[in-house]
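Listed in order, the protein sequences are those of chains A and B.
Read in numbering that gives the first Met the number 0, the first sequence has 226 at position 227, and its numbers run on one by one without any break.
Read in numbering that gives the first Met the number 0, the second sequence has 15 at position 16, and its numbers run on one by one without any break.
Since the hints were derived computationally from the structure, they do not count as laboratory data.
Just so it is clear, CB atoms sit at the ideal spot from N, CA and C, and this is done for glycine as well.
Treat each hint with caution, since some may be false.
[Said to hold, decoys possible] Keeping only pairs whose Cα atoms sit at most 20 Å apart, straight-line, the calculated SDA-like set for lysine to any residue is:
(1) A:Lys162 <-> B:Asn133
(2) A:Lys63 <-> A:Ala74
(3) B:Lys137 <-> A:Thr113
(4) A:Lys170 <-> A:Ala235
(5) B:Lys137 <-> A:Thr161
(6) A:Lys106 <-> A:Ser149
[As the list claims (entries may be wrong)] Quick list of the computed label-pair ranges, beta carbon to beta carbon:
(7) A:Ser248 <-> B:Leu22: 17 to 27 Å
(8) A:Lys170 <-> B:Ile143: 32 to 42 Å
(9) B:Thr8 <-> A:Gln70: 47 to 57 Å
(10) A:Gln261 <-> B:Phe92: 53 to 63 Å
(11) B:Gln107 <-> A:Ile177: 50 to 60 Å
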Amino acid sequence: MQQVIFFFIRNKNLLLFFVLFSISVYLTIQSHSFHSTRYINSTSSFIGGIQSNRSSVTNYFKLKKENERLQNENAYLREILFDDKHVVIEEIDSLPGSFTFEFTPAKVISNSYTKSHNYITINKGAADGLEIDMGVISTNGVVGIVNKVSKKYATIQSILNTKSQINAKLKKTHHFGILVWENIRDPYHANLIDIPRHTDFNIGDTIVTGGRSTIFPEGIPIGTIDDYTLEEINNAYIIRVKLFTDMTSLNSVYLINNNDYQEIKKLEDEANGGNK
Amino acid sequence: MVETNNIATQVFRFFLLVAIQLLVISNIHLFGYSSPYIYLLFIIGFPLNTNKSLLIFLGFILGLCIDIWSNSGGVHAGATVLVAYLRPLLLKFSFGVSYEHNNIKFTQAEVRQQILYLLSMVFIHHFVLFLLENFSTKLLLQTIQSTIITSIFSSILIYCIIILFSRIPKR
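Could you put the whole structure together from the sequences, leaning on the hints where they help?
Written as structure tokens, this is what we have:
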């Protein structure tokens, strides 16, 4: 018994190191799974508070660029409004909640893009009706998916995250693929994989969201085709997509709430449960 | 009196380094690489004759502070705990056995020894950091690339801070 105690005393530094290092590795593995970044994250009101204070200062330096961006978006929306091709149907039942998709604006208070797993923190939380799995877009295109919500803040798993997989399609031919991010040195491009060999496309074609997931509505712009290679083994193309959104200077984003999400999820769960 | 003064200095240094790291340095992205990590200066410059277990524990807390802020799980905590544990070894490796007996000052040692100590600490820390952060063998090449480039940035920055804030020895 005495021997054991002596052993512990002699090697106490080594043991302490092992315990603390194991905790760190455990926390790291925890953070790599989508829904269980439970313990360590920046949505706590203390950290979130500091970050939003800091961003309220640094945001002044981005105002000019942000103004231009919003003006461009306004111009685009006006074009749609006065375009004859887009007939705006006025619904009689215009009560809030009757739309499938609702948009909530939010401000980015912390953003990273140089790591392999990037997250964005925003200043809206469960108190504003945010939920896990909501889609996030900027004025230009897709940004990511909400993965953690606290009362006042939320974190987004950015598309610049090697874990992210977003259902996307070619706007012209409606061929589906998966948008992933593989080159961690490049925050301006992502890859569209699993596009079948017989697909016909050109460089410069637009990629949009597919609408096969409940997270994003169909047709939200993602980027344009920049380059492509044919993968012989899978008989499929890997397309390099230049993203519309400049992920390095995000400021305001919109959260998409799918009002039918719970219903669709329930139905899918039931169907999956029936198979087992 | 000297003892409490020393503790106060270390506590102050801890919070100052964390604040500077998170509010200023973490926003610098040189050539699209990860930003330099200067908080390691706390471990590098910790008094030599103090309790080693305390340093390991403080390293964990220090790393965890950075992790909570940047949503990275426990990657900084793990890397910092490792260098805190390895520090006595690296000190012996860089400054020879003499460091244990007489209380040498970092700034009074030879430049070659200083750089050896600094580089080995930063390099090991950054390698473990990026290994844990990327967490896949597919990204091994990029891990090594990030380690080398970011280590150089961090080392230069830390060395500059040491030179700027060290007292000039009286002659």
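Comparing the hints with the structure gives:
1. For the proposed pair A:Lys162 and B:Asn133, the alpha carbon gap of about 11 Å is at most 20 Å, so the pair holds.
2. Proposed proximity of A:Lys63 and A:Ala74 is supported: the alpha carbons are some 17 Å apart, at most 20 Å.
3. For the suggested pair B:Lys137 and A:Thr113, the alpha carbons sit about 17 Å apart, so the restraint of at most 20 Å is met.
4. Restraint check: the Cα-Cα separation between A:Lys170 and A:Ala235 comes to about 18 Å, which is no more than 20 Å; the hinted pair holds.
5. The hinted pair formed by B:Lys137 and A:Thr161 meets the criterion: a straight-line CA distance of about 11 Å does not exceed 20 Å.
6. Straight-line distance between C-alpha atoms of A:Lys106 and A:Ser149 comes to about 15 Å, which keeps the hinted pair within the 20 Å bound.
7. A beta carbon spacing of about 18 Å between A:Ser248 and B:Leu22 agrees with the range 17 to 27 Å that was offered as a hint.
8. For the pair A:Lys170 and B:Ile143, the supplied restraint of 32 to 42 Å holds, since their beta-carbon distance comes to about 39 Å.
9. The hinted range of 47 to 57 Å is satisfied by B:Thr8 and A:Gln70, whose Cβ atoms lie roughly 52 Å apart.
10. In this structure the supplied range 53 to 63 Å holds for A:Gln261 paired with B:Phe92, their Cβ-Cβ distance being about 60 Å.
11. Between B:Gln107 and A:Ile177 the beta carbon distance is about 59 Å. The supplied range of 50 to 60 Å therefore holds.
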